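A.B. asks: Based on the hints, put chain B in the right spot on chain A.
What follows is each chain in one-letter form.
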Amino acid sequence: MTPHPQLLLGPLLALLAIPTLAISADRWSSANLAIVDHHVLPRYAQLASTTATLAERAQALCTTPAAAQLEALRSQFHTAMDAWQGISHLRFGPVTLFMRNYRFQLWPDKRNSGERHLNELLTAADPQALVPDTFHNGSVAVQGFGALERLLFEEGVDAADFGSAAAPSYRCQVTLAVADNLAQMAHEVDNEWRAGEHPYRQVIASSADGNDQFYGSEEATARFLNNLHTQLQVIVDQKLELPLDESAAKARGRRAESWRTHRSLRNVALDLAALEELYRVGVVPLLQENPAQQALAQRINTAFATTRASAEAVPQPLATAVSDPTARRAVEQLKNATAELKRLVGSELPPALGLPLGFNSLDGD
Amino acid sequence: MQRRQFLLALASAPLYGPALATPAAPPIRYLSARADAAGQHHLTAFEASGQLLFDLPLPGRGHGIALHPHRPWAVQVARRPGRYLLVVDLEQGRQLHALASRPDRLFQGHGLFSADGRYLFTTESDIEHGRGYLGVRDTQQAFQQVAEWSIAGVEPHDLRLIEGGATLVVADGGMRTHPDAERTVLNLDTMEPALIYLSASDGRLLERVTLAPNLHQNSIRHLAVAADDTICCVMQFQGSKREQPPLVALHRRGGAIQLLAAPAEIQGRMRNYCGSAATDSSGTLFAVTSPRGGITTFWRAADGAYLGHAELADGCGAAAGPQPGQFLVSSGLGGVVQVTPGQPPERVTALDPLAAHWDNHMARSAV
Numbered sequence: 028m029t030p031h032p033q034l035l036l037g038p039l040l041a042l043l044a045i046p047t048l049a050i051s052a053d054r055w056s057s058a059n060l061a062i063v064d065h066h067v068l069p070r071y072a073q074l075a076s077t078t079a080t081l082a083e084r085a086q087a088l089c090t091t092p093a094a095a096q097l098e099a100l101r102s103q104f105h106t107a108m109d110a111w112q113g114i115s116h117l118r119f120g121p122v123t124l125f126m127r128n129y130r131f132q133l134w135p136d137k138r139n140s141g142e143r144h145l146n147e148l149l150t151a152a153d154p155q156a157l158v159p160d161t162f163h164n165g166s167v168a169v170q171g172f173g174a175l176e177r178l179l180f181e182e183g184v185d186a187a188d189f190g191s192a193a194a195p196s197y198r199c200q201v202t203l204a205v206a207d208n209l210a211q212m213a214h215e216v217d218n219e220w221r222a223g224e225h226p227y228r229q230v231i232a233s234s235a236d237g238n239d240q241f242y243g244s245e246e247a248t249a250r251f252l253n254n255l256h257t258q259l260q261v262i263v264d265q266k267l268e269l270p271l272d273e274s275a276a277k278a279r280g281r282r283a284e285s286w287r288t289h290r291s292l293r294n295v296a297l298d299l300a301a302l303e304e305l306y307r308v309g310v311v312p313l314l315q316e317n318p319a320q321q322a323l324a325q326r327i328n329t330a331f332a333t334t335r336a337s338a339e340a341v342p343q344p345l346a347t348a349v350s351d352p353t354a355r356r357a358v359e360q361l362k363n364a365t366a367e368l369k370r371l372v373g374s375e376l377p378p379a380l381g382l383p384l385g386f387n388s389l390d391g392d
Numbered sequence: 123m124q125r126r127q128f129l130l131a132l133a134s135a136p137l138y139g140p141a142l143a144t145p146a147a148p149p150i151r152y153l154s155a156r157a158d159a160a161g162q163h164h165l166t167a168f169e170a171s172g173q174l175l176f177d178l179p180l181p182g183r184g185h186g187i188a189l190h191p192h193r194p195w196a197v198q199v200a201r202r203p204g205r206y207l208l209v210v211d212l213e214q215g216r217q218l219h220a221l222a223s224r225p226d227r228l229f230q231g232h233g234l235f236s237a238d239g240r241y242l243f244t245t246e247s248d249i250e251h252g253r254g255y256l257g258v259r260d261t262q263q264a265f266q267q268v269a270e271w272s273i274a275g276v277e278p279h280d281l282r283l284i285e286g287g288a289t290l291v292v293a294d295g296g297m298r299t300h301p302d303a304e305r306t307v308l309n310l311d312t313m314e315p316a317l318i319y320l321s322a323s324d325g326r327l328l329e330r331v332t333l334a335p336n337l338h339q340n341s342i343r344h345l346a347v348a349a350d351d352t353i354c355c356v357m358q359f360q361g362s363k364r365e366q367p368p369l370v371a372l373h374r375r376g377g378a379i380q381l382l383a384a385p386a387e388i389q390g391r392m393r394n395y396c397g398s399a400a401t402d403s404s405g406t407l408f409a410v411t412s413p414r415g416g417i418t419t420f421w422r423a424a425d426g427a428y429l430g431h432a433e434l435a436d437g438c439g440a441a442a443g444p445q446p447g448q449f450l451v452s453s454g455l456g457g458v459v460q461v462t463p464g465q466p467p468e469r470v471t472a473l474d475p476l477a478a479h480w481d482n483h484m485a486r487s488a489v
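Residue numbers (this note's numbering), protein chains in the order written: chain A, 28 to 392; chain B, 123 to 489.
The following block holds chain A by itself, in its conformation from the complex (with noise of 0.2 Å):
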């Protein structure tokens, strides 16, 4: 952890003359495009690829359930959901319209509806459950990657779950809506932002004079702050807390993320990647300005490079780490490191950057 006077030192000297950068609307507007254009567009694109994958080998196993074909999606899974993680980031915009963000994943998942409305779900059997219309509309908890992981990754599931050749079974069918469900999702999320009427691209493009979504340029760029900040809370708080709780004795690995997949440290590693880059294409450059502001610059590279290595010293996975006095350390430390980052974006950037990020006006109530 940081030694205590430096935790005093960053926002007092903040308090007492914040070098401002003088930057111009221009700059926040080259900033903002520079992350939609560099990290936004394309890993939604790469979502929606990598889904409409996803829905084309579920359609496979259930035209042909067998041991390959099970095979073949469930790679695909991790595929898919490996382009979820680099970008779920993003809280603002078209991934939260329609609840779009929970249906893609509802987690964490607090009063246990996934197990409950999917088990209720294959229970009633019923296709007219699975219509397109009425499965969007219905329970948030069935609809994405979780209840794909269970479906697929559950203990003991095998290729004989999802029927036979002539006959694909309700749980491919399930299977088959929820991957169709992702795949028409992630189309809509990455049109959305390119075309149609008001591309969402243009909606920040065009935020300078400000708009129906923002006041101005600076705004979007504080949102996309934030959505960073927020990310690395999440990282902190969920992926890593949960799980550890107090003490080895203690520890839930069951809460962990993705745990029937054991890729939860492969989310965080590539949260923590996602993240960087956003930083790197949007915060970086603005840095860059101003020659005072490089030893900040240096010191969240730095951090970026101790969490990376934290997550890369863990034994996987984490659901058993967690509860192994030793490999528990280890996540420890990744935590520490993941919230020292986490506040030197959160207290010392916004006031380099000339930012308010106050949890007041960002995340008011």
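Rather than coming from a laboratory, the hints here were simulated on the basis of the structure. All figures in this text were calculated on a predicted structure; none of them were measured in a lab. One should not assume that every hint holds.
[Said to hold, decoys possible] Estimated spans, in silico, between C-beta atoms of each pair:
#1 A:E268 / B:Q263: 30 to 38 Å
#2 A:N146 / B:R374: 48 to 56 Å
#3 B:E468 / A:L68: 44 to 52 Å
#4 B:D177 / A:Q315: 37 to 45 Å
#5 A:N139 / B:R374: 45 to 53 Å
#6 A:A95 / B:E250: 39 to 47 Å
#7 A:A336 / B:T312: 49 to 57 Å
#8 B:L174 / A:Q315: 38 to 46 Å
#9 A:N146 / B:D311: 26 to 34 Å
Note that CB positions come from ideal geometry on N, CA and C, so glycine has one too.
C.D. replies: Leaving out everything else, chain B in the frame of chain A:
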């Protein structure tokens, strides 16, 4: 005792003990939830001078603070949707009770003691079915819940007492959220925020006041009450950022809502978002914070006149200052200022070393 001796005894009494002493004016304590630089949450108490009184760790982010009318007690309420209430002794700076919401209810961020101090009211919701309630807990039974009153609304948030404590007024923000996706609003097209008046003795609905239909997306979230029971309600608009609806309104029981607007430039800077409201110690002025725009606006309770603004980036928490006409305002970026309408804010520098991210609300206790 001879009369002369008695007079002497009386005159000298303060020297010998507190029994006959005139009680000193109770200290004024300010309370606010805050996050520290590492993201840990605390309930922090301080004096207007910035002198720190105590700092208690919280189990999660806090929001509103209820103050007991005559005991040195405060209750920190969890941020919505929340699970904890923390009852705190202000003199000893320690926790008295830690309470949890019913499993099927969630706290909505604010609480309030009854005028006699016996009961604690909390705004709560049944998220599964989208209904709003007031939970009633009894201080004489270790804060056990003794009643629950249904309100005619979906999202009770802030609440206050008027008419000598006989009547409760509740701000119903009107936004129904999804049970699995806690902050996703489901009813933006049909939301109907309201001011709801209830009997403080039995929860009976007395009056429900709504905004004009064209303002139905203007969520009424926070309240302040003047000495004459004029209620100031402040709003957060959920519609287009191109629109500039009124965000502050006054209401008196039985009357019509009086919508207030600041001069256009200031109104624009409020960014369709008010975070909290407070009265000064004379009960004649309101301060309304707009953290997104970084300004605090001032209003006269008697007629709703706009009295000016003060600047404070991310300023949200507000409470009456030590003297009439003054306010204290806190910022999520750090810093507390003392401000009098028309004068530049004065920073309470003694608090700066805390590097606190002050949360949405500040409370002022004079008990």
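A.B. asks: Hint by hint, say whether it matches the structure.
C.D. replies: Hint check:
Between A:E268 and B:Q263 the beta carbons are some 35 Å apart, a value that agrees with the proposed interval 30 to 38 Å. Distance hint check: the CB atoms of A:N146 and B:R374 are about 54 Å apart, consistent with the given range 48 to 56 Å. The beta-carbon spacing between B:E468 and A:L68, approximately 48 Å, falls within the hinted interval of 44 to 52 Å. As the Cβ distance of B:D177 to A:Q315 is approximately 39 Å, the hint placing it in 37 to 45 Å holds.
At about 47 Å, the beta-carbon gap between A:N139 and B:R374 stays in the expected band of 45 to 53 Å. For the pair A:A95 and B:E250, the beta carbons lie near 43 Å from each other, so the given range of 39 to 47 Å is met. Checked against the hint of 49 to 57 Å, the pair A:A336 and B:T312 passes, with Cβ atoms roughly 51 Å apart. A beta carbon spacing of about 40 Å between B:L174 and A:Q315 agrees with the range 38 to 46 Å that was offered as a hint.
Checked against the given bound of 26 to 34 Å, the beta carbons of A:N146 and B:D311, roughly 33 Å apart, stay inside it.
Every hint, counting from the list given before, is met by this structure.
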